[in-house]
Amino acid sequence: MRVALFLTCLDDTVFPETGKAVVRLLERLGHEVDFPLAQTCCGQMHVNTGYQREAAPLVRRFVDVFAPYQAVVSPSGSCVGSVRHQHETVARHVGDERLATSVRELRPRVYELSEFLVDVLGVTDVGAYYPHRVTYHATCHSLRVAHLGDRPLRLLRAVRGIDLVELPQAEQCCGFGGTFAVKNADTSTAMLADKVRAVLDTGAEVLTAGDNSCLLHIGGGLRRLRSGVRTVHLAEILAGTE
Amino acid sequence: MAPTWLGLPARRGPEKFPAAARRALADSQLRRNLRKATTTIRTRRAEVVAELEDWEQLRAAGKAIKDQALASLDGYLEQFERAATAAGAQVHWARDAAEANAAVAAVARAHGAREVVKVKSMVTEEIGLNDALAADGIAAVETDLAELIVQLAGDRPSHILVPAIHKNRSEVRELFLQKIGGVDPALTDEPHRLAAAAREHLRRTFLAAKVGVSGANFAVAETGSLVVLESEGNGRMCLTLPEVLVSVVGIEKIVPTWADLEVFLQLLPRSSTAERMNPYTTVWTGVHPGDGPQEVHVVLLDNGRTRVLADEVGRQALRCIRCSACLNVCPVYERVGGHPYHSVYPGPIGAILTPQLVGVENASSLPYASSLCGACYEVCPVAIDIPEVLVHLRAEVVESKPHRTAESTAMQAMAWVFGDERRFAAAQRAARLAPLSGLVPGPLSPMTRWTSARDLPPIPAESFRAWWQRERGGAPEGGGA
Chain A
1 MRVALFLTCL DDTVFPETGK AVVRLLERLG HEVDFPLAQT CCGQMHVNTG
51 YQREAAPLVR RFVDVFAPYQ AVVSPSGSCV GSVRHQHETV ARHVGDERLA
101 TSVRELRPRV YELSEFLVDV LGVTDVGAYY PHRVTYHATC HSLRVAHLGD
151 RPLRLLRAVR GIDLVELPQA EQCCGFGGTF AVKNADTSTA MLADKVRAVL
201 DTGAEVLTAG DNSCLLHIGG GLRRLRSGVR TVHLAEILAG TE
Chain B
243 MAPTWLGLPA RRGPEKFPAA ARRALADSQL RRNLRKATTT IRTRRAEVVA
293 ELEDWEQLRA AGKAIKDQAL ASLDGYLEQF ERAATAAGAQ VHWARDAAEA
343 NAAVAAVARA HGAREVVKVK SMVTEEIGLN DALAADGIAA VETDLAELIV
393 QLAGDRPSHI LVPAIHKNRS EVRELFLQKI GGVDPALTDE PHRLAAAARE
443 HLRRTFLAAK VGVSGANFAV AETGSLVVLE SEGNGRMCLT LPEVLVSVVG
493 IEKIVPTWAD LEVFLQLLPR SSTAERMNPY TTVWTGVHPG DGPQEVHVVL
543 LDNGRTRVLA DEVGRQALRC IRCSACLNVC PVYERVGGHP YHSVYPGPIG
593 AILTPQLVGV ENASSLPYAS SLCGACYEVC PVAIDIPEVL VHLRAEVVES
643 KPHRTAESTA MQAMAWVFGD ERRFAAAQRA ARLAPLSGLV PGPLSPMTRW
693 TSARDLPPIP AESFRAWWQR ERGGAPEGGG A
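Sequence lines, in order, name chains A and B.
Mapping to my numbering: the first sequence position 237 is 237, numbers consecutive.
Mapping to my numbering: the second sequence position 21 is 263, numbers consecutive.
I should point out that these hints are in silico values taken from the structure, not numbers from a laboratory.
Model, not experiment: these values are computed from the prediction.
Hints may contain errors.
[Unchecked claim] With beta-carbon atoms standing in for the labels, derived distance ranges:
| id | chain 1 | residue 1 | chain 2 | residue 2 | range |
| --- | --- | --- | --- | --- | --- |
| 1 | A | 157 | B | 442 | 53 to 61 Å |
| 2 | A | 123 | B | 645 | 32 to 40 Å |
| 3 | A | 96 | B | 645 | 22 to 30 Å |
Where is the CB? At the ideal position from N, CA and C, for every residue including glycine.
Assemble the whole structure, with the sequences as input and the hints as a guide.
What follows is the structure, encoded as structure tokens:
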């Protein structure tokens, strides 16, 4: 299957290794990956901060760029969630019914990575090897917006060599929330403190998740404390080999 | 001193949410009280909800019934008025807090009452009834234990259901020793001893009161009945002992039929107190000779609700049955409590209801008081998509500002950068070389608020798209499937 990689602006700029891992993984599983260069940002940051009008051209661009593909795959439950639940709202907000229709047509073909692997490709053992003690943070949007359920955990459990430990209160928000982390920096930090404590309690050396935005946040706290725990996107673990 | 609240007469929130939250976060006693209370309630709620196999269907039914009521609210309200009037109640219509307060005060005055007993009620908090009555020389006595605690402390509720959630029992003991005349100085902080002290204090008030004041959980259009759910029995006393009863009811409390209560009497107790059934449910329909109050008034209150109803996205907030499940699961509420919201309605529901009731320009920081984690939507018994409304209200806040702000300038600049892949690629290169306004901390950058507690990763030498072009020679753009 020919798959378009929707990488997110954050991963493209700050976490290129995640993108490379998705490419490696999907190619290893026998699929062709394209990265349409015209993609930029899905507009979620603008929508969530109140700039729906500014987000509208980004939604239009997203639809134009990805409409030709049979499947669009992204290593972000949050951005996939935004495509599913916010793009149509943005189109309506600016009164563009044609855009709303295009959004609805494209939407069912946009998948979060673990969804694509488990539901579309039907694999949970992707042939990965990762000999580390790892704990998994579910992330709010993967859990409650994209409804990924335990797909990421099923994929992780099949990884050879992994020592997967459960994160206490994994369903609790880490306090990132996009611009929430700067607009309500104190409350965000209080939430982060509890998340960091939960991560440290597991004794894991690696914290993983399906969203680099949350990992940027929790990882920023873990590094500030020189905790020695590193953050690694789920795709990079699944792409790992002996 | 009591915190000020938005929307109450002559009161404005003195500070924005982030600043108020910052102070609350530093209160270690408050943090501990909140963590303990919210964790306990939300764990128990999850257990009792899991007992019902048809919870999701109940939730869908609750949503559908409320939507049906809201879609034809005018008709149902008039139906309620006709039915209640026929049963002997007197129905008053109040556009705002002042009209509602005046209606209650007029009833109390007509009976020469200098004291009224109150059932715990959110709507009377919303309209500032106690202060309005006090200005008329009428004392309103709160009879719910937690409301009494808050009233004695000169404080304000910080939770919809558990108004004194911010106080622990040793704080309550000290308060009772100071404020309740004749209390046993050997009073301990055991819950049953504290409850007994309050009961003794309230008993004579109940027996003497001529006028009772309540809200209502539901108003049944078909029968003209009002319904109050409570746990302590103080409500039953207030609703049955006095000769006169005045109930202030928000117009969104309407349910069309008696049978609809079947759904809500299951949804509400499990969502609020995590009980299968609440201890006391009181229903009354007008006046019954020789049984209960012989003069019954109902004040139907708008106070901004019709404006909320006019908003296609925001109106779902009017489905709220005030269970407070969203507060108990909210990671923001759990850490800062209710007071930073400066509203009778705190937490996630308050963050969408308050700005709509008082105007977003008067509560512009509340729609941002959420990480959009979605835990609130998941537990809401009437499926209010709180994150959706928060985002909708944020757009209203942004679009209501007449001038450009530093934020709007930055957002427009970023939208311009994202508007073209060459501009985006150029910005990625620039981010590695020079301090880019938003990405690198500086004294004026919002990123300093990020780096106060978190490190930032270095921007890698090569973006993904640069790698892709180098490795794959820039595959043709937008290629077909």
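Hint check:
Range check, residue 157 of chain A to residue 442 of chain B: about 59 Å between beta-carbon atoms, so the 53 to 61 Å window is met. Taking the beta carbon of each, residue 123 of chain A and residue 645 of chain B are about 54 Å apart, not inside 32 to 40 Å as hinted. Checked against the hint of 22 to 30 Å, the C-beta distance between residue 96 of chain A and residue 645 of chain B comes to roughly 27 Å, which is consistent with it.
Hint 2 from the earlier list is the only one contradicted by this structure; the remaining hints agree with it.
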